[in-house]
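Chain order of the listed sequences is A and B.
Take the first sequence: its position 122, counted from the start at 1, is 121 in numbering that gives the first Met the number 0, and no numbers get skipped.
Take the second sequence: its position 39, counted from the start at 1, is 38 in numbering that gives the first Met the number 0, and no numbers get skipped.
Hints were generated in silico from the structure; no laboratory data involved.
Hints may be right or wrong, so weigh each one.
As the list claims (entries may be wrong) - Here are the simulated distance ranges between beta carbons: (1) A:K146 - B:K52: 56 to 66 angstroms; (2) B:K52 - A:M83: 21 to 31 angstroms; (3) B:D193 - A:E28: 53 to 63 angstroms; (4) A:R125 - B:N77: 15 to 25 angstroms; (5) A:E28 - B:G38: 38 to 48 angstroms; (6) B:K82 - A:E28: 51 to 61 angstroms; (7) A:T122 - B:S223: 28 to 38 angstroms; (8) B:K79 - A:R125: 22 to 32 angstroms; (9) B:P86 - A:T122: 13 to 23 angstroms.
All residues carry an ideal CB built from backbone N, CA and C; glycine is no exception.
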Amino acid sequence: MGKISLEVNGRKVEKEAPDNTLLSTFLREHLQLTGTHIGCDTSQCGACVVHVDGNSLKSCTALAADVNGSKVTTIEGLETNGKMHPMQEAFKKLHGLQCGFCTPGMVMSAVDLLQKNKKPSDTEIRDWLEGNICRCTGYQNIVAAVKEAATKM
Amino acid sequence: MKDFNYHSAKDSKEASKLASSSSAFLAGGMTTIPSMKLGLATYKDLIDIKNIKKLSGIKVSGKSVTIGAATKHVEVSNSKDVKKAIPSLSSLAEGIGDPQVRNRGTIGGSIANNDPSADYPSACIALNATIHTNERKIEAAKFFKGMFETALKKGELIEAIEFQIPEKSSYQKHPNPASRYAIVGVYVAKHKGDVNVAVTGAKSCVYNDKEMSKALAGNFSSSSIDGMDLDSSEMNSDMHASADFRASLVVTQAKKAVDAC
């Protein structure tokens with residue numbers, strides 16, 4: 000057991016957790032932030048992507064202990080005053096999702112891309128989303144949504 | 000995942016002091032954590048080394064590029080210094096896994112794990128790297144011992160990897176479309192009076208292809224290795240590629256690398 004201190008979506012949290020607690024487990028089961036999804040649980044599908052100190056990572060493959068002291072942003076942290084983030088708006092507008100399971104990870108990954116590359120090309124978007132798997136959309140509308148969001152962010 | 004004790008070490012000394020026969024060092028955790036989750040590895044203690052400042056960073060001198068063991072792939076791929084000194088090393092880092100893996104995974108972790116399909120071991124062989132540990136310096140040619148096996152002793156910690164700057168170099172891989180690991184990857188480096196052709200993904204461990212190296216040292220042109228018939232008897236054969244296909248891929252990727260130099 001150890002004390003985990005994080006700033007999650009702007010809120011300071013401090014909780015005791017066993018050393019083998021994954022960040023994804025900590026977010027979902029200790030903080031009830033279930034917007035972060037567990038898909039493959041083997042760091043391939045990207046449904047669990049969150050930001051840690053401004054960079055995206057797969058929360059199913061990080062220990063809560065080894066990000067101790069960091070600032071974490073999850074899908075729940077993107078909205079401001081009840082208004083969706085431009086990336087969420089774009090996914091909604093352009094049908095960038097069907098079942099929605101991969102969407103939190105897709106959105107978090109895409110937001111990280113636009114933080115680093117404000118005007119990505121189609122190829123750059125597809126390369127960046129390498130670690131996010133969607134089994135419904137065929138990706139076309141996801142890429143379109145990221146391009147649309149790039150004009151709004 | 001089975002329970003373990005997590006430790007964050009302040010320096011190499013503390014890290015190696017904490018090490019035992021049932022411990023592992025944790026850097027990015029991109030292989031360690033999945034292996035533990037799948038029950039392929041269990042440890043009593045995980046010793047986190049990524050907060051040891053000395054282990055991160057990139058230094059370029061006239062002849063070499065030295066990269067701290069806990070330096071992340073994204074830092075190598077974005078480094079202007081690496082891009083200038085050894086562009087092929089920066090593009091190798093850019094081709095590992097996906098952005099989230101590159102944001103966490105480290106060069107030291109990659110070579111300590113010595114996955115037969117990993118990218119970085121080929122860079123170490125091609126660029127005559129020296130592996131600096133907390134105890135000694137090891138030449139890359141003596142470091143990679145076999146499948147997932149290195150010359151590292153228990154509790155020995157990689158601190159930095161020093162790459163020799165070549166005259167020209169290129170890394171070309173035929174990636175597995177799902178994992179981006181190399182089905183075959185070939186790193187060609189032309190040094191003064193010498194050529195290395197390091198191959199990953201093809202056999203149980205990275206190796207320097209002497210036959211191709213010799214041919215290219217005589218004439219550094221893809222025509223000198225064109226159609227070379229490599230012995231496939233020790234090559235990997237799996238659902239992704241047969242041994243014969245891999246042997247053919249080694250030549251194709253080596254030719255591509257030479258042409259890209």
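So, going through the hints one by one against the coordinates:
Distance hint for K146 (chain A) and K52 (chain B): a CB-CB separation of about 40 angstroms, inconsistent with the stated range 56 to 66 angstroms. Under the hint 21 to 31 angstroms, the C-beta atoms of K52 (chain B) and M83 (chain A), about 40 angstroms apart, miss the expected range. Between D193 (chain B) and E28 (chain A) the Cβ separation comes to about 56 angstroms, which falls inside the hinted range of 53 to 63 angstroms. At roughly 20 angstroms, the beta carbons of R125 (chain A) and N77 (chain B) sit within the given window of 15 to 25 angstroms.
Our hint of 38 to 48 angstroms for E28 (chain A) and G38 (chain B) is violated, since their Cβ atoms are close to 21 angstroms apart. Between K82 (chain B) and E28 (chain A) the C-beta distance comes to about 42 angstroms, which lies outside the given range of 51 to 61 angstroms. Restraint check, T122 (chain A) to S223 (chain B): a C-beta distance of roughly 34 angstroms satisfies the suggested window 28 to 38 angstroms. Distance hint check: the CB atoms of K79 (chain B) and R125 (chain A) are about 25 angstroms apart, consistent with the given range 22 to 32 angstroms.
A C-beta distance of roughly 20 angstroms is found between P86 (chain B) and T122 (chain A), which places it inside the suggested range of 13 to 23 angstroms.
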